[in-house]
Every structure is written in C-alpha cells, then in structure tokens.
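S.K.: Residue numbers (the numbering used here), protein chains in the order written: chain A, 259 to 595; chain B, 5 to 328.
Note that these hints are calculated values from the structure, not bench results.
It is possible that part of the hints are untrue.
Below, simulated DSSO-like cross-link-like pairs (lysine-lysine); rule was C-alpha separation at most 30 Å, straight line [what the hints assert, rightly or not]:
| # | chain 1 | residue 1 | chain 2 | residue 2 |
| --- | --- | --- | --- | --- |
| 1 | A | 463 | B | 255 |
| 2 | A | 541 | B | 112 |
| 3 | B | 153 | B | 202 |
| 4 | B | 32 | B | 86 |
| 5 | B | 112 | B | 62 |
| 6 | B | 153 | A | 276 |
| 7 | B | 285 | A | 463 |
| 8 | A | 389 | A | 433 |
| 9 | A | 280 | A | 352 |
| 10 | B | 153 | A | 541 |
| 11 | A | 406 | B | 293 |
| 12 | B | 86 | A | 406 |
| 13 | B | 255 | A | 280 |
As a plain string of letters, each chain reads:
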Amino acid sequence: METTSNFLNIKDVSTAFKINGKYYDAISHVNLEVNHDEILAIVGESGCGKSTLATTIMGLHNPAETKITGTVDFEGTDLLKLDEKGYNKFRGSKIGMIFQDPLSALNPLKRVEAQISEVMDYHTDFTAEQKHDRVMELLDQVGIDNPKRTARQFPHELSGGMRQRVIIAIAIACKPDLIIADEPTTALDVTIQAQILDVLRDIQKENHAGIILITHDLGVVAETADRVAVMYAGQIVEEGSAEQIFNSPKHPYTRSLLRSMPQIDKQDDDLYVIQGNVPSLQKMPTTGDRFAPRTPWVPASEHEADPKMHDLGDGHEVRCTCYKNFEFPDQQGGVKS
Amino acid sequence: MSLIEIKNLEVHYPIRSGFWNRVTDSVKAVDGISFNIEAGETYGLVGESGSGKSTTGKSVVGLEKVTSGSIMYQGKDITKKKNREALDYNHDVQMIFQDSLSSLNPRKRIEDIIAEPLRNFEHLSKDEEKLRVLQLLDIVGLDADALYKYPHQFSGGQRQRIGVARAVATNPKLIIADEPVSALDLSVQAQVLNFMKKIQREFGISYLFISHDLGVVRHMCNNIAIMNRGRLVEIGTRDDIYNHPIHIYTKRLLAAIPETNVNSRAEHRASRLAVEEIYQKQQDKYYDKDGLAYPLVPISPTHSVALPQDVAQEIIKQEGEVQA
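The shape of chain A in the complex, shown without the other chains (with noise of 0.2 Å):
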C-alpha cells in the first residue's frame, strides 16, 4: 500500500444541512485517502451519510442550503473551493460517478451512444468518429456482447443491467482517476450484481483508477474492496483493509453489523438485532460516542468523552476506546466472538 501515492485527500470534512434554519452536520470531520489502483469502501446503514459524502466531492450540493467545511484535495486541487465552471472541468473527465439507479440518471429520449459521446463533447476535442469508435470500445469494455445494435438503442429497450453497465461506460468514458460509485448493484439480481462488480474491478486495474464504492451490502464489500471504512451517524468509526474489517472487527457497531447478517452455520437462531435506532439528523448526538446509545448496556466509563480515531497499527483505525471490552450481552463472560 505505501508504495501507491494518495491522489484523493479528504481533510476533515464536514456538511452540515439547513433545515428551518440551523444547520445540522450530515457528515463531520471526515477523514479519508483514496490511492490509485485499489477500491475503498464505504459502507453504513441509510441515513449514516455514506452519499453525502459522494455527493460533497463531487460538489453536487446547493451552497445556499448546506455548509461544507474542510478540503478536498484531488492532485493538488482542493475541489471545495471551485466555482460550478472549476468543477466541470473535473466532473466527467477526472472523477467519474455511477448512481444506484440507472434508469434516472439516464436520459430517455436520448440514445445510448449520444449519451456515452456527450461526455466527449465537454471534455475532448475528438472528431465525430473518433468518439464513436470510443463509444464501441466502452460498450465493449463494460462487457455488452452486440455494442453496435446497443449504441442505437433507447434506455427503456435495455434490461436493468444493461443500463447499469451504460452508466458506467458513460463514468469512465474520459478514463477518470477517481470513480465513485453509490451503490451500482442495489437494483440488480445477484447474478448480474457479480457481473457488474467483476466489471469494475476489471476497469479499476486497466485504468489504474482509484474507486470509491458506497454501499450497504457487507457480502459486495467483502468480495470487492481493498479498504473499508464504516461509517455511523456521519463519523466513520473505524476503518483499514478488507481482511482487517472482516475478520477482526473492533468497533461495536462493526461487529454489530457483521452479526445480524443471515449465517450459515446458525440459521434457525434468532438473528441479531441492534438496539434502538439510527437518529435522524436534528437528533443526531454532537458529542461522546454517537453508537453508544445503541449499546445501553455498555457503562459509561468505557467511551471517551470525545471519541478519536486510534491507530491499532497497519492501517487499522478505530473511533472510541469502548472496543476494548466490548461484549454482546448474550456472551458476557463468555467467549469472544
């Protein structure tokens, strides 16, 4: 990992949303790398801010409304401080994005390959056959098998991962360094969800892209990323490689998560459900442990009052000092999961 330089520096990024006048931080103090060729994850439950963050590195936020704090540094840019006309230059051809549904963020009236080639028309100076020679390279990249019948169509002729592939032909159209991708296979079967994934990965090692993947399913995480960073109530809370991750979890709501999965080994058991619920953004706690009214039985003493980041070594990272003794209530005492 350290031989590979950062080119996406998020520093303590913060935006909050106004809503009847006060602002209210969906995602505070945001820290994150992201290096070329590896896939970060980001993974939370909804109303955590894992798209909050996508959408505020890519600056899709009205600024009357919201307010962002901190930097993000992209090659020596710090996207944050660009006008609508700066990020246009970045949106497209450096950073590409892939939303989850791919029937919207396609337009209807418009065919496959006028919209692969639009992207072109902002960011290259191609001739007309220049880019439709690069419109059946893509479809083809992207693994569509008759990219000539495909071009012509419209999106409504195409099945939904079909469309889903369109819209990732159409991220990398520019060979961006950075895609971010906000949960590209919720839609889909499993089937084509494996497809779509392996697709990915495939893009990431040709183009030596850095890919951010927002999602909320632990199983395409575990398949996919490099890197996973957990996010909970607007903070990440712990983060380091996929093995880390997953096979030795800390933080509470990590293992939380990990444990109301379905298993196989225990499958006529009752699953694990975690206590209480996500809070919605005014009620969201500002200081001590934001999970910690999840895990009532957990004393006080444990948390820090002002929980930080701690560096448990290779990259692994947690929030909070209540990992160390944490326990499920069914196992105290008893063995450690």
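Assemble the complex: chain A is given as a structure, and chain B must be docked to it using the hints.
M.R.: Only chain B this time, still in chain A's reference frame:
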C-alpha cells in the same frame, strides 16, 4: 394433507397486435408449476426478476386471474371466486408487500390501517377492536402511541412491521411475503425476520416467502423452489438446495451470492466464473429446445430437478465422484 396444493398453475398475459388488436401471442409469466405448502412451514420461492415468482404469489392470494391449473385449499379450488368466498379464503390468507410505504394508505392512521382487515372479516365492538389492534402492535414491538400516527411518521423497518401486524390481524393460516425485507437495512432486516419467525412459532402460520436473496431464504425457509422463466427448475429441502444443487441455474444463483469470507475471495470468484461458463455453454443440456426448463423429475423423496432423468442421474454420479 398440505395446506395449499398448487397444480399446473399457468398465468399467461395476452399480447395484442395488428389492425384488429387480436391476441397474437402470450407472455407465459407462470408456465405450469406445482408445489405444496405444508401447515406451519416457510416455503421459499426464489428466482431472478422476471421469473414469475411474484405472479405466483399474487395468484395464491387471488389477486391474479389464473389461465389454467388449480390451487387447492381445504379440498376446493380457490382460483374460482365462488370457492374463495365460500371458504372465507381471504380471511385465512394475507399478504406482506415489498414496498411498505406504497402498501399503506398515507391518509389513514395506523389504527385504521391495522383494523381494516378486522372490520372486513370480524365484527368486533369498538373496544374489542382497539384492544386487538393494541395486541397486534405489541406483537410487532411498537408502542401504543403509534395508533394515531400516519405511515410517513415511521421508519422503513417500523412500516414493514405495521405491514406484518396488518397481515396477522385476522389470524391467517398462510401469509404471502413478497420480498418483505429487500428494501431494508441489515439490522432492520434482522428485526423484521425475527418478528416473522416469532409470529410463526406463536400462531403456527405458514409463509410463502418470495425473495431473490438466497442468504435470507436459507435463514427462513424449510423447503425451497427455484423459479426460472416461469417454470420451476428445482425444488427440495434447504439442505437439498444449498448443499446438493443439481440444476445449473440453481448452482449459478448460489455461486453469485457474495461471500463474506475475505480470505477465499479469489477461489470464490474462480468457482463462480466456472459455473457461469458451464451455464453459457451447456444451455441445450439443461434447457429444452425453446430455452425453457424441463418437467421436474424426483431424484429423492424431497428433491426434484427439472432435467431429463438420464441427465439428472449423470450429474448426481459426477457430484458423488467429486465428493468421494
């Protein structure tokens, strides 16, 4: 005797075209499927989108007009409306939908939503009704102050639990659960699945559990049917399907489930690609000349697979050799 016996169920949608708008062809959404649901069990119906699993579910509740075939309940064919009314069938069979927000009326309070099936089928006094609704809310773990709230005031998991409460209101014998947890977060999914299991233990309800998530199905179901292009390709117990799959389509679905074991990532991918290659290359071995599944043949008392008998035996032999 089984609770529900489905025999050769077919649901075809007509395709109209030409000047006279005549029926020229049909979409065979469900194309001759048969299976039985036993009392008190959870029966899993698995398939990709477009395989006809939701159409099957809707036919069992009586929401879909059946083209041919029969669904027997207490000795009567409930595909006919007359029999459904005579048996009070819609009292005994309820449904949980995938999208909890659009399946609850946004202008009704939770009290009215949950009481609606009671008002339709059971003639209770105001006080009895309220008591029953409170009991139901308690079963699914919601507070009494939920009574006067509206659906939009709840989170996705709570709404899905309200859907469960409404479905169990009439003490049904069978609940059709069409993708009940696929829109939910992991921890909320665990909550809803636990409630469904708890209710089953307490009231002996059967579920027809329709899902594309094989991990959830493995957790919930005793018997499983795999559906592909309107036909069943394999039915069997949980052990049959997950540990001894025969049909390539079943194997392909199983191979596509993401594994949480990070260490064996490469092997898992290799085996998935191997299965995918067989699936692409040997279509004619596993499907008939129209690309549809063969009729089911039994290979053990519980396990049937949609293959010609000789092909099925050959695969079983191969598998045996691999394991030995």
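S.K.: State the violated hints by number, sorted upward, taking the hints as numbered earlier in the document.
M.R.: Going through the list in order, the structure violates hints 9, 12, 13 and respects the others.
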